[in-house]
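*Asks:* Chain by chain, the residues run as shown.
2 protein chains.
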Amino acid sequence: MRRILLTVEYKGTDYAGWQRQENALAVQQVLEDALEKMLQQKVVLIASGRTDAGVHALGQKAHFDYDGNFPLDKMSIASQSLLPPDIAILKAEEVSPDLHAQYSAKKKTYRYQTYLSRENHPLLNDTFAQIPYAESYFDFSKVEEAAKYLVGTYDFIGFSNKGSQVRSTVRTIYDVTVKKEGTFVTFFITGNGFLYNMVRIIAGTLIYVGLGKRTPDVIKKILETGDRTLAGKTFAPEGLCLLDVDYT
Amino acid sequence: MRRILLTVEYKGTDYAGWQRQENALAVQQVLEDALEKMLQQKVVLIASGRTDAGVHALGQKAHFDYDGNFPLDKMSIASQSLLPPDIAILKAEEVSPDLHAQYSAKKKTYRYQTYLSRENHPLLNDTFAQIPYAESYFDFSKVEEAAKYLVGTYDFIGFSNKGSQVRSTVRTIYDVTVKKEGTFVTFFITGNGFLYNMVRIIAGTLIYVGLGKRTPDVIKKILETGDRTLAGKTFAPEGLCLLDVDYT
Chain A
3 MRRILLTVEY KGTDYAGWQR QENALAVQQV LEDALEKMLQ QKVVLIASGR TDAGVHALGQ
63 KAHFDYDGNF PLDKMSIASQ SLLPPDIAIL KAEEVSPDLH AQYSAKKKTY RYQTYLSREN
123 HPLLNDTFAQ IPYAESYFDF SKVEEAAKYL VGTYDFIGFS NKGSQVRSTV RTIYDVTVKK
183 EGTFVTFFIT GNGFLYNMVR IIAGTLIYVG LGKRTPDVIK KILETGDRTL AGKTFAPEGL
243 CLLDVDYT
Chain B
3 MRRILLTVEY KGTDYAGWQR QENALAVQQV LEDALEKMLQ QKVVLIASGR TDAGVHALGQ
63 KAHFDYDGNF PLDKMSIASQ SLLPPDIAIL KAEEVSPDLH AQYSAKKKTY RYQTYLSREN
123 HPLLNDTFAQ IPYAESYFDF SKVEEAAKYL VGTYDFIGFS NKGSQVRSTV RTIYDVTVKK
183 EGTFVTFFIT GNGFLYNMVR IIAGTLIYVG LGKRTPDVIK KILETGDRTL AGKTFAPEGL
243 CLLDVDYT
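Read top to bottom, the protein sequences are chains A and B. Letter 203 of the first sequence, counting from 1, is numbered 205 in the numbering used here, and no numbers are missing. Letter 114 of the second sequence, counting from 1, is numbered 116 in the numbering used here, and no numbers are missing.
Everything labelled a hint here was simulated from the structure, so no lab data went into it. What you are looking at is a predicted structure, and each value in this text was computed from that prediction instead of being measured. Treat each hint with caution, since some may be false.
Because identical chains share one entry, a pair is satisfied inside a single copy or across any pair of copies.
[Stated by the list, open to error] Pairs of lysine-lysine, DSBU-like flavour, derived with a Cα cap of 30 Å:
#1 LYS222 - LYS181
#2 LYS39 - LYS144
#3 LYS76 - LYS222
#4 LYS181 - LYS44
#5 LYS93 - LYS181
#6 LYS223 - LYS76
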């Protein structure tokens, strides 16, 4: 048996998230079905983590154990005809049998994309969240200030929604980078792990800071008190994309 | 009665094109239904032209005649809650009763977006056509040379598919600009009008030139002979977007 690690890209719009479930189509199921057809054996994928309905991935990682000789460098191309256009295997590599896609993950990077506009923009809506305000209402320097307060090791319970049971709500954020290009505001967040809806709540809170609905030091207060009601709303799933998972 | 000209953006992925039809949902129908609810009167939209299933628009234009007082500068925002996220009215303006969205159009600009990659990229597929070759196979300078031969007034019948009856197949192309940024190749084409599938066949032919399946002077030969078989294939609808329609 060899342990195979896949790098997977998907557009989450039409799926009920990563994880296989009873009454809705999930990315995991579509991938497992395609791999089973291609490899002629049962495949169970373990991902770095679930993504919610509507959330995308450019670099989701998932492992499975494989007893066969299909060439790994041909898996990406060979799987294309078995997968729908919104799911792709970018890479397949053999890794140590000790590597576990979820438990061995050291770092994850998410991107959250938004655009500032009172008008809705249909060509952006699948992968950007609309902030329905004119650009002039948005104070980018305050967002940059607030983003700095997130970096470090803290109890992030105030930036999470109930929905999953975790032993600890302490996480380390290594970096938060915010970019503004015209009406586009994009957040990049790297950490050792994230609580349920944490990235979307961080994005929502930073956007509230930009719009003057919160002051930058609200971040410090939420980290001190764990008070979810101080944070912004959970922003829409379509803006979120799992960019990368790092195992070293 | 006032003549109102709308600027409309839509993501064509889930529609059977612009034009209302019996057994499939079209952009025109969704827009007319929303406008009728908002304005409380019958609305018939005349667009600058049809777009095919899967084709997008950032600046489609359509007119209708309106007998009422709904403020034009509020139509964009007010229509948002009546429209799905993949269709939006960007602007509504009063124009001369002589202006006809189709017959008065002087110039149209289309964009055709592609990416070069053997791997499928799910997050691009709705709005980019994949060219399933590595970047190194693509000779961009040959594409630039070929693009120049398209500019002018010619019989473009060799760049059209049967499907619509037109009196003349002579059109004027004012400009063809090709941009390459990394693995992305984008075509911008401006002309006084386009035959059925003409932009997608031009894109397909220029891509064939880039891949060495045709030489740049094939463009001249197609314009001289009208021979459709010399041109490249009709490239996929999802890469195409109607950017702008000009009435002056």
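*Asks:* Would you mind marking each hint as holding or not holding in the structure?
*Replies:* Hint by hint, here is what the structure shows:
1. LYS222 - LYS181: within (22 Å within a copy, 46 Å between copies)
2. LYS39 - LYS144: Cα proximity of LYS39 and LYS144: none, with 52 Å in one copy and 41 Å across.
3. LYS76 - LYS222: neither (49 Å within a copy, 40 Å between copies)
4. LYS181 - LYS44: This pair counts as neither: shortest intra-copy Cα distance 43 Å, inter-copy 45 Å.
5. LYS93 - LYS181: both (29 Å within a copy, 28 Å between copies)
6. LYS223 - LYS76: neither (51 Å within a copy, 39 Å between copies)
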